[in-house]
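Chemist: Those protein sequences? They're chains A and B, same order as listed.
Numbering follows the UniProt record's numbering, in which position 257 of the first sequence is assigned residue number 257; successive positions increment by one, without gaps.
Numbering follows the UniProt record's numbering, in which position 291 of the second sequence is assigned residue number 291; successive positions increment by one, without gaps.
Check the hints yourself; a few may be wrong.
Stated by the list, open to error - Anything over 10 Å on all C-beta distances counts as not near chain B; from chain A, calculated: (1) Lys4; (2) Ala15; (3) Arg286.
Unchecked claim - Subject to a maximum C-alpha distance of 16 Å in a straight line, what follows is the list of computed EDC-like cross-link-like pairs (lysine to aspartate or glutamate): (4) Lys9/A with Asp99/A; (5) Lys224/B with Glu251/B; (6) Lys34/B with Glu86/B; (7) Lys31/A with Glu2/A; (8) Lys220/A with Glu247/A; (9) Lys235/A with Glu347/A; (10) Lys379/A with Glu352/A; (11) Lys12/B with Glu27/B; (12) Lys300/A with Glu86/B; (13) Lys161/A with Glu137/A; (14) Lys111/B with Glu190/A; (15) Lys383/B with Glu356/B; (16) Lys303/B with Asp336/A; (17) Lys110/B with Glu24/A; (18) Lys303/B with Glu352/A.
What the hints assert, rightly or not - Pairwise CB distance ranges, derived in the manner of DEER restraints: (19) Gly249/A with Pro171/B: 37 to 47 Å; (20) Gly217/A with Asp254/B: 22 to 32 Å; (21) Ala122/A with Asp254/B: 27 to 37 Å; (22) Asn104/A with Gln340/B: 28 to 38 Å; (23) Met54/A with Gly372/B: 25 to 35 Å; (24) Gly125/B with Glu232/A: 20 to 30 Å; (25) Phe105/A with Ser256/B: 49 to 59 Å; (26) Phe105/A with Lys250/B: 28 to 38 Å; (27) Thr50/A with Ser256/B: 21 to 31 Å; (28) Gly59/A with Ser256/B: 48 to 58 Å; (29) Arg251/A with Glu130/B: 50 to 60 Å; (30) Pro167/A with Ser256/B: 24 to 34 Å.
Think of the hints as simulated: they come from the structure by calculation, not from any bench.
Model, not experiment: these values are computed from the prediction.
Virtual Cβ for every residue (Gly too), placed ideally from N, Cα, C.
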Amino acid sequence: MEMKPIRCKAAVCRAAGEPLQLEEVVVAPPKAHEARVKIICSTLCHSDLTFWRMQGVPGLFPIILGHEAIGVVESVGEGVTEVAAGDVVLPVCLAQCGDCPDCNFQRSNMCSGLPLRPLQTAMPRDGTTRFTDAAGEAVHHFLNVSSFSEYTVVDVAHLVKVDQAVPPQIACVLSCGITTGIGATWRAAEVHKGSSVAVFGLGAVGLAVAEGARFRGATKIIGVDLNPLKFEIGKKFGVTDFVNPNEIGDRSISEVIKEMTGGGADYCFECVGSSALVTQAFLSSRRGCGKTVILGLDGKGTPITIDPNELLAGRTILGTCIGGVKPKSDIPVLIDHYMNKEIHLDEFITHEIGFSEINKAFDLLIQGKSIRCTIWMDK
Amino acid sequence: MEINPPQSIKCKAAVCRAAGEPLQIEEVVVAPPKRHEARLKIICTSVCQSDVTLWRMQGLPAGFFPVILGHEAVGVVESVGEGVEEVSAGDVVAPVFLAECGDCADCSSKKSNVCSGIPFRPRQGMPRDEGATRFTDAAGAAVNHFLNVSSFAEYTVVDVAHLVKVHPAMPPEKASLLSCGISTGMGAALKAADVEAGSTVAIFGLGTVGLAAAEGARIRGASKIIGVDLNPDKFEIGKKFGMTDFINPKEIGDKSVIQVIKEMTGGGADYCIECIGLASLMSDAFLSCRPGWGKTIILGVEKHGSAFSINPTEILQGRSIKGCLMGGLKPKTDIPLLMQRYINKEINLDDFITHEVGFSDIDKAFELLIEGKSLRCIIWMDK
């Protein structure tokens, strides 16, 4: 049976920082190892903003952003047996090919079979795109997903199957940000019962870290944010204490946290993407056993500076992609926890809009008014 | 009340009176041990790089001197202070710079070896008697302690939290090796990194600590142990401790050490261990480890105040960096395990001892280390 290209709407980004235009695009059929997915809904993650604003990257535009989503498989490419038309799937920016040394190693989630290249703007295996615009020009992919489109094409190594019974807007947020936060407390840090945790940045990822830490039995979860409103919001996700860096006078954040935890937190998570904040998080961790996990991506690439003697005192610092989670193996576990009411995800979704209003989602996130705004394709 | 309370002891000590000046063997008076303390008669000691670093450090406050250096040693308990039950006169012990009080949350946790009961801090006196020293010189002036040990003296006073009991079957000079440098290196491989069989390990700096890390990686069955050092002689020496490959940064042409290690390991080593104390090497070690699961262990003490600079993109690829004191080992809990391994002939300690001198020749031990001619030179007190 020959598969045909599909004409549909996509929110195309043509210049850095410019509002997205809803345009007609043509989505080619899936090739070998690929599936064409009809997006049900998508959400905006800070990394979309980072790339949306990125200046000076040749050949980035035009691009279809979006990498946190849920969809239904519409058709599959040659030889694909892993998923079939009708399956509900989460497209994920990070692959799990299942074959490489990293996929076979328990402690790594950095698939080396299909390595993550953030500036790769085409299909991972053949480097070509599946989108063309009305003028017939190629439109670039983003982070192996491109979910701001009614249809997209995704490599099966980047697809996680989801049970139909899971509310789609909840499963959607587990395709990136929330999984990153909860996953970090589990895979990256292995937060233990009775521990103290400091979370730097209470956006969706930071709040998800707090929720994950709560689930794992941390007894002190300190949220650090410049927005005082985040304390009340944070309490819904397990935050027990709050530090606003603008309200601590001359003291440093790490001094305050060390005081609150009798010497330093067992686990510190940086969820903003600021190398300077990483240093504060690191200094806030306890000597001997303190672990600092870096989740935020510093858009400027500013180096993180660490005092080696503070490291020598017995601290660990590590970074991960999506919290160290293997997408296909681990996201279903998080979904189970949600369905069993062990983790609370509903409150991450603060707004809902239709696809045509997609720029509103950008405004809400930039203004710090939303955690996750569900963008429904069919509305 | 004791009928014969311990008296002060007059004995010889190698006193450091100015940065970089040869040590003077002088007479000192060693006060009796107080609560929680033990007075030790040192059997033998050795010079560790940290002794050399502090010995020649410029710009230290005048109050740092005079000081009795040395922190790698073994001795016999001569007398104990009030309430001490853990050790008694006649016990052979290794004094260590890092405490294990056994009581605090950190000592109780498996995850930490940094005792918070007696925190590790720069100090010049006894840990529980802030500022007090047990040494006075011939003129009656106080002489400072160093790193809670001060082993370049015939007698010293050490807090019991800093004493590790020595297995009776351990030859004293081998036991003293385990009181700092070699435990640090082996601990790094066995505990901090927890090297698995078949892993690849790259070690930056093949002094005693680095070679000990190689030995630790060897007994764990690492498949590749790559040593990085500017001294080409270290290759042959390293082979005795399990090294399989060697990189001399001066002999790799235009390539970087990082590139060479990545080539040798198919993308990066599983574990990289930095054993020198240079921020630039820490960075090289970090970049030489594998994305996904590569772990870098930092053991070296940076003495120039340089910051360690980390590229965020590189760390987000799943790499981790861990620093530790004494390789992550809890002294009282873990050093005896290394002693047992030596007794069982599982680890090579003998080849670390390259020289022996008597106490009066202590300056020779410094020279040998500074000139890179020795690994460990045992300084025997009674010779």
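Chemist: Now tell me if each hint is right for this structure.
Modeler: How the hints compare with the structure:
no.	hint	result
1	Lys4	holds, 39 Å
2	Ala15	holds, 25 Å
3	Arg286	violated, 8 Å
4	Lys9/A with Asp99/A	violated, 35 Å
5	Lys224/B with Glu251/B	violated, 20 Å
6	Lys34/B with Glu86/B	holds, 14 Å
7	Lys31/A with Glu2/A	holds, 12 Å
8	Lys220/A with Glu247/A	violated, 20 Å
9	Lys235/A with Glu347/A	holds, 11 Å
10	Lys379/A with Glu352/A	holds, 10 Å
11	Lys12/B with Glu27/B	holds, 5 Å
12	Lys300/A with Glu86/B	violated, 56 Å
13	Lys161/A with Glu137/A	violated, 32 Å
14	Lys111/B with Glu190/A	holds, 12 Å
15	Lys383/B with Glu356/B	holds, 10 Å
16	Lys303/B with Asp336/A	violated, 51 Å
17	Lys110/B with Glu24/A	violated, 59 Å
18	Lys303/B with Glu352/A	violated, 55 Å
19	Gly249/A with Pro171/B: 37 to 47 Å	violated, 58 Å
20	Gly217/A with Asp254/B: 22 to 32 Å	violated, 53 Å
21	Ala122/A with Asp254/B: 27 to 37 Å	holds, 33 Å
22	Asn104/A with Gln340/B: 28 to 38 Å	holds, 35 Å
23	Met54/A with Gly372/B: 25 to 35 Å	violated, 49 Å
24	Gly125/B with Glu232/A: 20 to 30 Å	violated, 50 Å
25	Phe105/A with Ser256/B: 49 to 59 Å	violated, 26 Å
26	Phe105/A with Lys250/B: 28 to 38 Å	holds, 35 Å
27	Thr50/A with Ser256/B: 21 to 31 Å	holds, 30 Å
28	Gly59/A with Ser256/B: 48 to 58 Å	violated, 29 Å
29	Arg251/A with Glu130/B: 50 to 60 Å	violated, 25 Å
30	Pro167/A with Ser256/B: 24 to 34 Å	violated, 51 Å
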